[in-house]
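Peer 1: With the hints as constraints, model all of the structure from the sequences given.
Numbering of the sequence shown is given in this note's numbering, commencing with residue 63 and proceeding in unit increments.
Hints in this document: simulated from the structure, not taken from any laboratory. Treat each hint with caution, since some may be false.
As the list claims (entries may be wrong) - Now the in silico label distances, taken between C-beta atoms and shown as ranges: (1) A156 with R122: 37 to 45 Å; (2) S102 with F140: 23 to 31 Å; (3) Y144 with W74: 25 to 33 Å.
For each residue, glycine too, the CB sits at the ideal point set by N, CA and C.
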Amino acid sequence: MGGIFKRTGKGWRDFGKANLIIFLFALAHALLCYLLHDTSVGDGLFLTILTIAMVFCLIRFYGSPLDVFLGLAFLSSFAGFYFGTSVGDYLHNAFPDLGVANNMIVTFFTTEILGLATVLVVAHKNR
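Peer 2: Here is the structure:
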């Protein structure tokens, strides 16, 4: 990660860059969800890999150690799965006509929440 994705040491500017990283991963999650929703492979494994990659990028951006990455990757994978399936089931019951858009919306916002939670943990630790 070079160029635009280097820390400047300025809190709000770095927070904005971290949010850009999170937003790009959230878009990738939603796109992957759309592309794989009706395949026999499914999207679970690939969404988990993308989530771990996002946590890795944020950990590298803030310069946190490997043990922090391992813990956050583990927690975010399980939290993302649980939150995504729980909210997804609720939305499918509430708005059954939206179809795969439900999955994409839940995936996008779950990724945003997990990314922001990761930033809050590592940015506070690395002040």
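Peer 1: Any hints this thing doesn't respect? Which numbers, in order?
Peer 2: none
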